[in-house]
Every structure is written in C-alpha cells, then in structure tokens.
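Enquirer: The opening residue of the sequence shown carries number 1 in UniProt numbering; numbering runs sequentially from there.
No lab work stands behind these hints: they were computed from the structure.
Bear in mind that the values here come from a model prediction, so they are computed numbers and not experimental data.
Every residue gets a Cβ at the ideal spot worked out from N, C-alpha and C, and that includes glycine.
It cannot be assumed that every hint is accurate.
Stated by the list, open to error - Label-pair distances were calculated between CB atoms; the ranges are:
no., residue 1, residue 2, range
1, S357, D326, 44 to 50 Å
2, E329, F247, 30 to 36 Å
3, F105, N145, 29 to 35 Å
4, D202, D255, 23 to 29 Å
5, N231, Y325, 24 to 30 Å
6, V196, K123, 14 to 20 Å
7, D171, E210, 34 to 40 Å
8, K68, G152, 21 to 27 Å
9, D326, F247, 23 to 29 Å
10, T122, N293, 21 to 27 Å
11, N293, Y216, 18 to 24 Å
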Amino acid sequence: MARKKLLHVLYSGQGGLGTYFMNFVNSDQNGNFEHYAFFYGIEPLDEELKHFCLLNNINYRYQLRSGKLDLKAIRLCNNFIRKNRIEYVFLHTFSMSLLTFLAFFNSWKVIAVDHTTHHIKTKIEKIFTMLNHFFADKMVFFYKNQFDAIKGTFPFLCKRKNSIVIAKTVDTNAFKPHDTISENEVFTLGVATRLVKGKLLDLLIQAIYELKKEGYLVRLKIAGQGPEGENMKKLTSSLGLTREIIFTGLLNRNDLIKFYQSLDIYVHPSEGETICYSIMEAQACALPILASNVDGISNYLSKENGGVLFNNTVGGIIEKLKLFYDNEELMVEYSRSSRNAMIELFKKNNNSDCLLSIL
1 MARKKLLHVL
11 YSGQGGLGTY
21 FMNFVNSDQN
31 GNFEHYAFFY
41 GIEPLDEELK
51 HFCLLNNINY
61 RYQLRSGKLD
71 LKAIRLCNNF
81 IRKNRIEYVF
91 LHTFSMSLLT
101 FLAFFNSWKV
111 IAVDHTTHHI
121 KTKIEKIFTM
131 LNHFFADKMV
141 FFYKNQFDAI
151 KGTFPFLCKR
161 KNSIVIAKTV
171 DTNAFKPHDT
181 ISENEVFTLG
191 VATRLVKGKL
201 LDLLIQAIYE
211 LKKEGYLVRL
221 KIAGQGPEGE
231 NMKKLTSSLG
241 LTREIIFTGL
251 LNRNDLIKFY
261 QSLDIYVHPS
271 EGETICYSIM
281 EAQACALPIL
291 ASNVDGISNY
301 LSKENGGVLF
311 NNTVGGIIEK
321 LKLFYDNEEL
331 MVEYSRSSRN
341 AMIELFKKNN
351 NSDCLLSIL
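Generate coordinates for the entire structure from the input sequences, incorporating the hints supplied.
Expert: Okay, structure coming up:
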C-alpha cells in the first residue's frame, strides 16, 4: 500500500506541539505516512525540530509570522501543499485554521488537533476551534470529555462522527529511569515547561521558600525558556533561593531525559493542560507526579498512574510535597505506578496506526 502524504502544520518554537510531532513520526514504525512539515510562528525554527526533520528526511518549510491574519503564510502553506501533492494536513496550530476552509476547494483534507485546554484559549482561538469543528474533515481530541468544554461555549455544536480520541503516548524505550539508582543528597524536584504566566511557577518558587524556612532541604530544577524566565529568576534571587533553584534553560531530548532521571519527584503547576507531555515523560522515567487540580490534568492523573493533585496555592503545593519528603515507601509505590501506566499506554496506543485507521 502506498504511503499517504501527511503534512504537519505546527508552531516553530519549543513546546508540546513539536514534541507531539516528533513522537507521532517516531510512532510510524510501519511507514504508514510520508511526512512533511510546515513550521510557523513568531520564534525562529527550533534547532531540535530542524535536526529531527533532517535526520528523518522530512521535507519542511519555515515561515515567520507577520500578523494576526497572516494571509501570506496561508498562501505559502497552500503552495507547499500543492507542490508536494499533500493528501492530508495535520493541523496543530490555530494560527493556520483558515486551511480548513481552503480544503473545501482542494483535494486535500484537514485533520485538526485540539491541543489547548478550552478555558485558557483566547477569544480568537475559541472561534478557530469552532471553525475547525465545522470545516475540518476530522477533529482529534486527547480524552473523552474534551469536547464537552467546547460545547459549553458553543451550545449549538454537536459531536460529529468525525470527532475522534487519539490518546497521547510517550516512547517508554527512550524515556525511562536511569539504569543505576543514585540517591540525591537533597530532595530534588523538577518541572519542564515553557516559562509563561499560565504555568504558575511563582507559586512553586514561593513553596520552596516556605519549605526552606521550615528547615526542609529541597532543590528545584526548572527546565525550559520563555517570556517569564527573567521574572522567575528575579523572584528566585529576591527570596534568596539561588542555591536551591536551578534554571537549566532549554534542553534537547537527550538532556531532557537526563534531567528527569536526576529528580526525585516531578511537580507541575498550571492553569490548564490538554494532557501534558512533560508529565507523561516524567511518568515514563518512573517519577511520582504532583500536579495542579485543573482540567486536562485532573481527568488524567490519579493514584493509579502515579499522580497526586494539589490546589493552585503555595499551601496546596507544600501540603502534597510533605507527603513524599522522607517517605521512601510512598516514593517507590508512586514511581512504580507512573512507569507501569506509561508502558501500558504506549503498548495500546500507536498514534500513527490510530490515525490511519480513521482516514
């Protein structure tokens, strides 16, 4: 059977969209698709994404965003589609949602993926969500109740037969615990995320400050970059936590795996997610998970898969951290649950095969 030509349209910078793209391509062990990529955004093309495309012989195009309604980018993407005779467009970013409308006048079809928790979407993103639902050939969600939040904003929407759930997965052969167990001298927490306001890193930093005042020996490692990076570093310095908190910057895939392997526990504060890759990667590395009790996390994370939820307050974070501090038995129990859950999920859900089955 001939491979289907699939164009991934996604943001050009670091983040979950790029991770999803790379995981999806890696899942295509049966060669179901001939992969292409169109990267678009206000940031330069991420070096890891560029390297990944070159390594996997993926024909790609990068376009810098030039405005809110960027018709030039739409035109260039349309030309790229025509030139390469693309059959399916895998749309990961709202910024290019006009492609769903263009598809009506062309032979290619759009499969739109809803990556963003609905309650934190901007007004324009919510409108694009509605348009995607009407015009895309397929709508992909990550969990069963994800559509219900959209219907809360647009009651006239009905779940169509084209709405499908394809669970996110993580390659547990790559993301795994270190072969040798080494104990940290200091209880070490970590988070891997974009440094933006919605990630609530200020709460986590303040929690470390309060724990230090109470005499707890803790260290926090923060991996990632973003517009709030300097503010978080200033907060860290003002609280006298430069020894306790380490900013690693943006990490490539191999260094990110080593980052997870260096931690005792993974902590993820957030205003909302749609099944967070960082959490899943940490689970695959056999880490207990503490995360915010919000949509996209609370309907995924539980004790059964190694997770504990906290309220988005400094006290809420501290309360759950203290449960694991010096509690080796609890650490082992949740570590085992995390790893086993990811292995099972990876076995059951091959993203490439799942998508092929509905085309």
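Enquirer: Now, for every hint given, state plainly whether the structure supports it.
Expert: Right, here's what the structure says about each hint:
1. With their beta carbons about 48 Å apart, S357 and D326 fall inside the hinted range of 44 to 50 Å.
2. In this structure the supplied range 30 to 36 Å holds for E329 paired with F247, their Cβ-Cβ distance being about 32 Å.
3. For F105 and N145, the hinted distance range of 29 to 35 Å is satisfied, since their beta carbons lie about 34 Å from each other.
4. For the pair D202 and D255, the beta carbons lie near 25 Å from each other, so the given range of 23 to 29 Å is met.
5. Separation of N231 from Y325 is about 28 Å and conforms to the stated range, judged on CB atoms against 24 to 30 Å.
6. A C-beta distance of roughly 18 Å is found between V196 and K123, which places it inside the suggested range of 14 to 20 Å.
7. Checked against the hint of 34 to 40 Å, the C-beta distance between D171 and E210 comes to roughly 37 Å, which is consistent with it.
8. In this structure the supplied range 21 to 27 Å holds for K68 paired with G152, their Cβ-Cβ distance being about 25 Å.
9. The given range of 23 to 29 Å is respected by D326 and F247, whose C-beta atoms sit roughly 26 Å from each other.
10. Taking the beta carbon of each, T122 and N293 are about 23 Å apart, inside 21 to 27 Å as hinted.
11. Evaluation of the 18 to 24 Å hint for N293 and Y216 yields a pass: the beta carbon distance comes to about 23 Å.
Violated hints are absent here; each numbered hint is respected by the structure.
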